[in-house]
Amino acid sequence: MMRSKTSSVADYMDKEQTPKITRRTTRSLASATTLDNPVTEVTNFGPPSAANHPMVEGDPEVDKEGTPQIPRRTTRSFASAFNSDNIATKVTSIDPPTINDLLVGGDPISLDDLISAFPGRRSQIVELMRLLGPLNSPTLPLFVYGGPSTGKTSIILQLFRHLNRPLVYSSCSTCYNQRILFESILNSLFLHRKSAANGYSNAKRCDRPSDFVNFLRDALANVINNLKSNSEKLTSNKMAARGTGNMIYLVFDNFHLVREWDKSSTIVPFLFNLYDLLNMPEVGLIFISSTSPDTYYANMGYVEPVPVFFPDYTEVDLHQIFLRNQANQKLYSSFLDVVLRPFCRVTRQVDELFTAFKSLFEKYCEPLSDHSVAPSEDMKRRLFSHLKPHIGSYLNEIFKISSLPSLEVEIHKETKRKGNPKKLERSEEIEELEFHMSTCAKYLLISAFLASRNPVTLDDSLFDPTGGLNNRKRKRKTSAKAQEQKQSAEEELVTKGPGTFPLERLLAIFQCIVSVAEDPSDEEEQRNGGLGIEGGKGGLMSDVLLQLSSLCNANFIIKGGSCPIEGSTRYRSAISEGLALKVARSLKFPLSKYLYRR
Amino acid sequence: MGRESHKMKALSLLRSRICDPKFVFKPLHDSPDSNYSKLKFMISSSITEACNNSILLLGPRGSGKSAVLELVVGDLLVEYPDMISVIKLSGLLHSDDNCALKEVARQLCMEHQLQFSKAASFDDNSQFMVAMLKECGLAHKTIVFILDEFDQFAQDADQLLEKRVRSRFSHRKLLFLPPSTEDSKRILEQVLSLPVDSSFPHDYAVEFNRKVQDILEDRRFKETFNKYLNLDSSIKHLLRFLFCAVSCMDVQTGFLTYENFETAFSSILRQPKLECLKNCSILELYILVCMKRLEVKEQTLCNFNSIMKEYKNVHDSFQTSDYYARNVCLRAFEHLINRELICFTDSRGYGSSVEFRPVKLLISSAELHQGLKAYHSCPAILHKLMDREG
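Going down the list, the protein sequences come from chains A and B. Under my numbering, the first residue of the first sequence is numbered 1, with each subsequent residue one higher. Under my numbering, the first residue of the second sequence is numbered 1001, with each subsequent residue one higher.
Simulated from the structure, these hints should not be mistaken for laboratory data. Keep in mind that a hint or two might mislead.
Chain A regions said to be covered by chain B (calculated; three or more residues, Cβ under 8 angstroms) [to be verified]:
#, region
1, 122-135
2, 171-184
3, 205-211
4, 308-321
5, 343-356
Each residue gets a CB set at the ideal place from its N, CA and C atoms; glycine is no exception.
Use the sequences and the hints to build the structure in full.
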């Protein structure tokens, strides 16, 4: 087969030119020679025939022995790229970072743009600008603090974009320990980017504060010299545009997380004293934190930085913020007039309100056919009365973010509601279990819940060792006082939380429950193809212990400290009653019969 | 460009003065019995007479110890060129032996243009240091070791050091005390006065200085200034306040006003817990008040569940309009923990879930009262609940 191909190829070539033994060539050379004969495709599908096998001149088709070489397989784009010049010289094209990468970048924005972009933050922006001062003016360290989602980080970044001054931003949540923080800052200052060329390594290996200060001094000196020479060039060119100045600023975001890193370390005083240690007036430090400066206790003192406070937004500010980027301003404004006040009684954080308002606004607009019209007073009243009954329920769901896309959930709910209107309430209470667990794990979970919930003394009466619920009636006539005591004791139990239990108790309860479940539904399980627990007692134990450890890892069961008397570890169930009921329902297990209740 | 520039220049000049400790401390210590002179005398005597000396500089944070020392060392380096070598260590960075010796070796190498190897071991470094000390001794060169944050070095060798400190530094201790009110005022004047020379237009500078004098003589200013100094009269603290005031200067007029200083006072003197309370939502205030009531009732167990029970009781007895579902309250509870108004009392974090862990309040009853009063649109029921307990 191959022979014939050779001969046909050779014949073909004979007609045009003498077959030459082509030299093996490199890519670049091949591309240069094929420039005048562009090839779109070189494929090798199916038996090659002279007709549909496009020849490429210069292909290393035939080697010295004459056995044909299968042409290199390549894709269309690759082959076409070959045919352009400079393909060989082009490497992965990210340029090494320059000093301008330290700028925030983006189009320049004016102060008015900045202030209008952040409603309600005018005084904070002005204060920050004043503290940072004019170009090339040294500054004491600043401490920006305020609640979450109050705009601290974004305002600082946009402010630096407006001022066009270089900064090094590092977040103490991404850089979660000392070493990563130091190395990331040094990477930025040494203008080092991790790439394949340097093996994704950092610029310097830096573990300790002493090394960090030394490296930092060098890096900052380099950067400042760079900046100075740049600004000199600017003045020599007599450019009217404002330069970036000679100063560089280090921003530490999420600074409140640093306190947790290492309780005994001196990292917090070190960073607060960094300005004094460096003794370089061209460096400015800014700390951003969600908690106020008085929450930073340390054995060592430090000179406190200048505080800048970002209060939470007021209702007026929130109104302005939510109106931004809305298509129909008047409609949304009337919506906000209705919902903002009641929701602000619960929370004023922008991110939480935002998710709540999205779905609520859709509900608000339901009676409207045309969403782009500005509502009249009459319309507003109608919309308000439509929405009013739902506000309460939405308020109670304010922090819920549904995992399914809302459209599917709606359809699902609609069909459910149409299906069984009577069972509506019950089905909304006990929904389906949203994740999959093996049967063994479910039984373990239920046993753990029961073990945590019921006092030990009740086990005997509840769990008959032969299997099956002990039908002895527990209810006895008790005096009112005893009942009261029982009730308060039970309430105390619920308030105090789930109790601990040793492993043996868990396994004992587990075995009782499982033996109850296995008996009546044996046939069913065989039909379902072995959903039940396999093997005899020996296999059961090993499987169970494995399941237990995975449940502990998933935080369904908490492994506590060891009991001081016995020395064995104790466990505690961490699931709520709702989840336990869901799990029991999926197993058709009568959990309520086993629960210790009044 | 021309008009604005001298006002901007004035602002930049003042700011750079404030951020430069040497400028501030120099005039304060010019007198012959000041710490500066004493320190200078001691070090120069050990240079000229080639004797060993140890000096301990004591004083609260921000009182100028490092600044004065740097001034002294700077002057001596000029006076006795090539006869001094300075090694600086800081307890914050180098409290570990290995670190300290490595740093000493590195600085010695830098001074004498030698190659420093990072891979040198502890023994290598210590041998090197001893050898260098011998060499310097032979060459009559004085090495000054500056140990900053000395208490951090001394943490390990606590007992031992006490005796050593006592014996060595008994008559060579310099105390850096915070300045008196007059001295603080003098510092203010010196920092805020523009030089009446050719760098600024003469009229502008004179007018500026006159206005500064007026402000300093103002009665209101004196009152608030004294209040501020009562908190902390160290110089760094004073400089922090000056920085805020100067940065508020209106660049249009180019002069400092009393309002600048007032703004600076209010922005530095803050009451963070009250601010936090103002940021709370009404539901969060409810939770705080319920916790306070539990505390007053002396209930030993205070966790989320018991707070919810109290919340329900309050709702049942007063029919408040703010009764929300449990998960909403749990989120508000977590917000309070993030704001650090309440905290968990058990240290182990993973024993049980959030609802069962005991919590306590981090604000006092008085602060809560004050916060509720300052809270606009605070529901009257909360005031009633707080008052009822007392």
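Hint check against the structure, violated hint numbers in rising order: Going through the list in order, the structure violates hint 2 alone and respects the others.
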